[in-house]
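Asks: Given next are the chains, with one letter for each unit.
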Amino acid sequence: MADIVLSRLVKEYAGGVRAVDGLDLSIADGEFFALLGPSGCGKTTLLRSIAGLETVTSGRIEIGGNDVTALQPGARDLAMVFQDYALFPHMTVRDNIAYPLKIKKVAKVERHGTADETAEGLSLGGLLLRRPGQLSGGQQQRAALARAVASRPRVLLLDEPLSNLDARLRLEARTFLKRLQRELAVTTVFVTHDQAEALAMSDRMAVMEAGRIRQVGTPSAVFHRPASTFVASFIGSTPTNLIDAVVDRDTLTVAGVVVPLPAEALGEVRDGEELVFAVRPEYLRLHPEAVPGGLPGTVAVVENMGVSSLVSLEVAYGAAPVTVQVTVPEGEEPEPGTRGWVVAEAGRVLLYRRGDGLLVGSPAEPAPEPGADAAVSAGR
Amino acid sequence: MTAGQWLRRVGFYVLIVLIAAFLALPVLWLVFAPFDRTPTLATSLPSWTLHNFATLAQNPYALRSLGNSVLLAAATMVLVTGLGAVAAYALSRVRIPGRDGLLYGLLLLSSIVTGTAAMVPIFLLIFQLNLIDSQLGVVLVLSGGLLPAAIFIMKDFMDTTPRSYEESARVFGAGPLRILRDVVVPVVRPGIATCAVWTVVNVWGNFLTPFILLRSPEKSPAAVVLYTFYTEGGQPNLGLISAFSLLYSVPVVAMYLFVNRRYGFRFHGGIKR
Chain A
1 MADIVLSRLV KEYAGGVRAV DGLDLSIADG EFFALLGPSG CGKTTLLRSI
51 AGLETVTSGR IEIGGNDVTA LQPGARDLAM VFQDYALFPH MTVRDNIAYP
101 LKIKKVAKVE RHGTADETAE GLSLGGLLLR RPGQLSGGQQ QRAALARAVA
151 SRPRVLLLDE PLSNLDARLR LEARTFLKRL QRELAVTTVF VTHDQAEALA
201 MSDRMAVMEA GRIRQVGTPS AVFHRPASTF VASFIGSTPT NLIDAVVDRD
251 TLTVAGVVVP LPAEALGEVR DGEELVFAVR PEYLRLHPEA VPGGLPGTVA
301 VVENMGVSSL VSLEVAYGAA PVTVQVTVPE GEEPEPGTRG WVVAEAGRVL
351 LYRRGDGLLV GSPAEPAPEP GADAAVSAGR
Chain B
1001 MTAGQWLRRV GFYVLIVLIA AFLALPVLWL VFAPFDRTPT LATSLPSWTL
1051 HNFATLAQNP YALRSLGNSV LLAAATMVLV TGLGAVAAYA LSRVRIPGRD
1101 GLLYGLLLLS SIVTGTAAMV PIFLLIFQLN LIDSQLGVVL VLSGGLLPAA
1151 IFIMKDFMDT TPRSYEESAR VFGAGPLRIL RDVVVPVVRP GIATCAVWTV
1201 VNVWGNFLTP FILLRSPEKS PAAVVLYTFY TEGGQPNLGL ISAFSLLYSV
1251 PVVAMYLFVN RRYGFRFHGG IKR
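Heads up: the protein sequence lines correspond to chains A and B, in order.
Take the first sequence: its position 43, counted from the start at 1, is 43 in the numbering used here, and no numbers get skipped.
Take any residue in the second sequence, count from 1 to its spot, add 1000: that is its number in the numbering used here.
Among these hints, one or two may not hold up.
[Stated by the list, open to error] Taking CB as the label site, the calculated pair distances span:
1) L1102(B) with A14(A): 15 to 25 Å
2) P1176(B) with S220(A): 44 to 54 Å
3) L129(A) with D1156(B): 44 to 54 Å
4) D1133(B) with L129(A): 26 to 36 Å
5) N1260(B) with A200(A): 42 to 52 Å
6) E120(A) with L1063(B): 53 to 63 Å
7) P1176(B) with E120(A): 26 to 36 Å
8) L129(A) with R1215(B): 33 to 43 Å
9) S220(A) with P1190(B): 49 to 59 Å
10) P1176(B) with R152(A): 18 to 28 Å
11) G1144(B) with A14(A): 28 to 38 Å
12) G1144(B) with E120(A): 31 to 41 Å
[Stated by the list, open to error] Far from chain A, by Cβ distances over 12 Å, these chain B residues were calculated:
13) L1050
14) S1134
15) P1162
16) Y1165
It should be emphasised that the hints constitute simulated quantities derived from the structure, not laboratory data.
Note that the structure is a prediction, hence the values are computed from the model and not measured.
Beta carbons: idealized from backbone N, C-alpha and C, even for Gly.
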């Protein structure tokens, strides 16, 4: 088991494209860590750099205190599960699982024993003599996981581990993966573009954009206090409402309506400063009649989401109406075309600066500062 | 069915039968003539005899030449598939400027190597190398001529193999040759089998190269020895030629059947892509 420390990591492709751009990150021993971001943000490149499949342009990768930046993938004592699982089609499941041990020159009887045991633990017991082509998607995924963990690596890397499964199986696999990771207590880094996966599975996560990390924190911290408008719009199954607002002394004008300034923003913002008012649809309340501080609008669309519905409200303001989305519980759906007033729950409003899109006030869990690395080094 | 339709259909089948007969006649000749005491160029039911095969068995070079053919074909096949697989893997995975141009160029020029046009320079080259009348010389020339196309075919197969297979093996600590042996070669086995069969057939049927580069009849392959079967009067000895031709074609047919059964193109299940 080992921790991972990345410092000043840069990966520049020919042509000057920086997939990873001066990135610092520490992942603790035994942590289940998610790299989340839209496609093209550099998350897969980062994972492949940790694996050694990409040679980094500059910077340092340490695993368990050893500098592995210049080492071949095989010398880093890690395992990786690929998005397509990369099970060898000409080998049986048993031979696939035993393959890493074969390379490590473990005797045949012993490696088959380990393979059988690992397969049993992942409920692949009856499938050992099958070939990957004869397995279902979920079984293939478990076979790939078994192969990765059979050699007891210090670090487990997962590249979009759930994206090839259908929606139902994905939920099961999520629970299963999390339990497996906890049992093995192996430092695990996984890449995903699905924010729900990252929130559900990880101990901590990093949200990436354009080769840089925009926020690192626990799923709850990232969900409740996104560090920037980018993170805010990326996290959550329903998109966060981001509405332009202006500070008016100790109040805020949002789409022409005056609302109180959140307490934490007092002293942080100037009078007349242009901000972005952000609140999740889940934290808004829809009222059928006018309420003080409520944004008035017309119900445009109602989308049924099972136990709740997502209501899109058009708030007339200036030239183009502003759309505000709010979730309402089952049975309280308004009729399209009716009027409604939305009010944010206390303490749920976040403010971002219009210029750089950063959060006003500090995120609940500040990103590790330069001093944090030193503390980790000292602890070793 | 009207009479017109009926007639048209009959006419169609008659035409098909005629075409089939036209194609089958030479094959029938190959089956009947060897067993005929007095074969002619016409296909006819023979007066059965094994006399031609008995004469063939007494010819000092006939059976030996089949052995020579096997030797040349096998050696060339090993060289072409071995070197071809390694080269194809490298060319498939390493990006070098002008790679495709190089491949196409080689492919284009390779037909010259085993063809007639370059025979004089190749003869001189082999002469300088002291490889005249050596089977090694023949193997090298044929390999040189066949390699580019083999590389081309195998590279195509390797291009379609997902890189994640190799990367996965790399993460587990396998080196390049090990990856080639454990992962790439088994996955592209149909392609390699194709190349092997194709090489063997090419060498088996090649007449010009061994004819020019080999002097002694005891080193000549079957294709060359077949050319020497004349009667004292200078007429082709049809009995010997047909019997030898039959023996000459059996190994190739047998190999086709074997390879098709063993390595035939079957589906290697992976992940949907």
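Asks: Next step is simple, just say for each hint if it's right about the structure.
Replies: How the hints compare with the structure:
| no. | hint | in the structure |
| --- | --- | --- |
| 1 | L1102(B) with A14(A): 15 to 25 Å | 20 Å, holds |
| 2 | P1176(B) with S220(A): 44 to 54 Å | 45 Å, holds |
| 3 | L129(A) with D1156(B): 44 to 54 Å | 32 Å, violated |
| 4 | D1133(B) with L129(A): 26 to 36 Å | 54 Å, violated |
| 5 | N1260(B) with A200(A): 42 to 52 Å | 51 Å, holds |
| 6 | E120(A) with L1063(B): 53 to 63 Å | 59 Å, holds |
| 7 | P1176(B) with E120(A): 26 to 36 Å | 34 Å, holds |
| 8 | L129(A) with R1215(B): 33 to 43 Å | 56 Å, violated |
| 9 | S220(A) with P1190(B): 49 to 59 Å | 52 Å, holds |
| 10 | P1176(B) with R152(A): 18 to 28 Å | 25 Å, holds |
| 11 | G1144(B) with A14(A): 28 to 38 Å | 35 Å, holds |
| 12 | G1144(B) with E120(A): 31 to 41 Å | 54 Å, violated |
| 13 | L1050 | 46 Å, holds |
| 14 | S1134 | 39 Å, holds |
| 15 | P1162 | 6 Å, violated |
| 16 | Y1165 | 5 Å, violated |
Hint violations for this structure: numbers 3, 4, 8, 12, 15, 16, all remaining hints satisfied.
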